[in-house]
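Student: Sequence:
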Amino acid sequence: MAPAVLPAQNVAERLINRMKSDDKNGDGKLTQAEFTGPDRLFQQLDEDGDGVLVLAEAAQKLKMLRERIGEIRDLNAGNTDARPQRMVPRQRTPIISGVGRRQVKPDYENVRYSDHERHVFDVYAAKTEGSEPAPCMIWIHGGGFRRGDKSEGSLFSTNFTSNGIHFVTLNYRLSQHAIAPACFDDCARALQFIRLNAEKWNIDKSRIAVGGGSAGAGLAQWIGYNDDRADPSAVDPVARESTRVSALILLNAQTSYDYRWIKTHIPGEAWKGDGLQELFGYQVEKVDDLSEEKHRLIEEYSPINHFTKDDPPSLFYFRRSRDPSIAEKNPMDGIHHPIFGLELKKLADEMNVRCDVFSVESPTDLAFYNRRWDHAIGFLKERFEMK
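Letter 266 of the sequence shown, counting from 1, is numbered 266 in the UniProt record's numbering, and no numbers are missing.
Since the hints were derived computationally from the structure, they do not count as laboratory data. No false leads were slipped in.
The list that follows gives simulated cross-link-like pairs (lysine to any residue, SDA-like), each with its CA atoms no further than 25 Å apart:
id, residue 1, residue 2
1, LYS381, ASP365
2, LYS105, ARG147
3, LYS329, ARG146
4, LYS200, GLU129
5, LYS127, ASN159
6, LYS127, GLY378
7, LYS294, PRO267
8, LYS127, GLN103
9, LYS286, ARG146
10, LYS346, ASP356
11, LYS272, GLU285
12, LYS205, PRO312
13, LYS272, LYS294
14, LYS272, LEU290
15, LYS263, GLU278
16, LYS205, THR158
17, LYS61, HIS375
18, LYS61, GLU34
19, LYS345, VAL360
20, LYS29, HIS265
21, LYS345, TRP271
22, LYS61, ILE326
23, LYS381, ASN370
24, LYS294, PRO331
25, LYS381, ASP107
26, LYS205, GLY130
27, LYS381, ARG354
28, LYS345, TYR369
29, LYS381, VAL104
30, LYS309, MET351
31, LYS346, GLU382
32, LYS105, ASN202
33, LYS329, TRP271
34, LYS24, PHE35
Simulated restraints on C-beta separations:
id, residue 1, residue 2, range
35, LYS127, GLY37, 32 to 40 Å
36, ARG14, ASN202, 42 to 50 Å
37, SER21, ASP323, 27 to 35 Å
38, ALA178, GLU13, 39 to 47 Å
39, ASP149, LEU366, 24 to 32 Å
40, GLN176, VAL287, 16 to 24 Å
All residues carry an ideal CB built from backbone N, CA and C; glycine is no exception.
Make the full structure from the sequences, and use the hints.
Tutor: Now the structure itself:
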């Protein structure tokens, strides 16, 4: 009888071949627009939410998952008495289709922080001893401001909750719903709403960090580097709450959304990105005709323009090399290039604010990137003064 692993491997090979055929320009990467498979599978394989699948990495993940499933099936087909008892509960563990990580259900789901259908967040409660309020990490999903969902946070929420840190992941209006500043305002309000209601989830409102991947990282920075939006005289109690945070955790981030800044600092054509055009409502062919008002809007919502010496420390993790030539070869590598973080680090170093930028230059660096949550949580525990 053929080993049970073979059918699973065939499924993986079919998916890999499908992705290869989707790669029409042969650059070894796929955007979601190029990917012909299910949107959910793309989002699950896109671990860092930067809107790009590296085919070699995605293929390896699929193969590993299918081999694992095949081994479990093979084990189930044999003598159950011979199975190690520790394997039994693993068969009942919910596994997301397409990736070998558990999807955890939030403790509080779709908590509404304003009126739009996208104005919701999920809370994953920390595992703590005693009743003292615990610190919180707020995660903002990526997707080029045009797609994405808070559910991506479920894939790594336990990294935080198992270490005594509450984890909140939120949705915000996308560009097709409303252009900037809508998504920025949404994320700031979500933070204020969480602070106002912190007691409901046993959150220590004085120890809150924010972070995100790609677009979410930019939204997090804008909150973290901006002046406090608290308005003590506001009629709305949410608006009275502070937007200052303790730290920033950022994956494949942009530090500016100004096409002029990007054109100056990032080689290639990243500055022409569709996501930027849709975020601010302009056409790249007509940038020479943009009004002063539109330019002021772009400048206002570019995080690097707000960085000051009293801002929180930032950790930048990039899944790319610092080599500028990769940005010339592929705009998607350009819009997620470490240069964004390195330019902000120059300001941070001048102001003596901690800003660490990690990129992938070697297999050792890639191994570190894959263990980024361990590093980030150690950093947060230090910031939160946790034991």
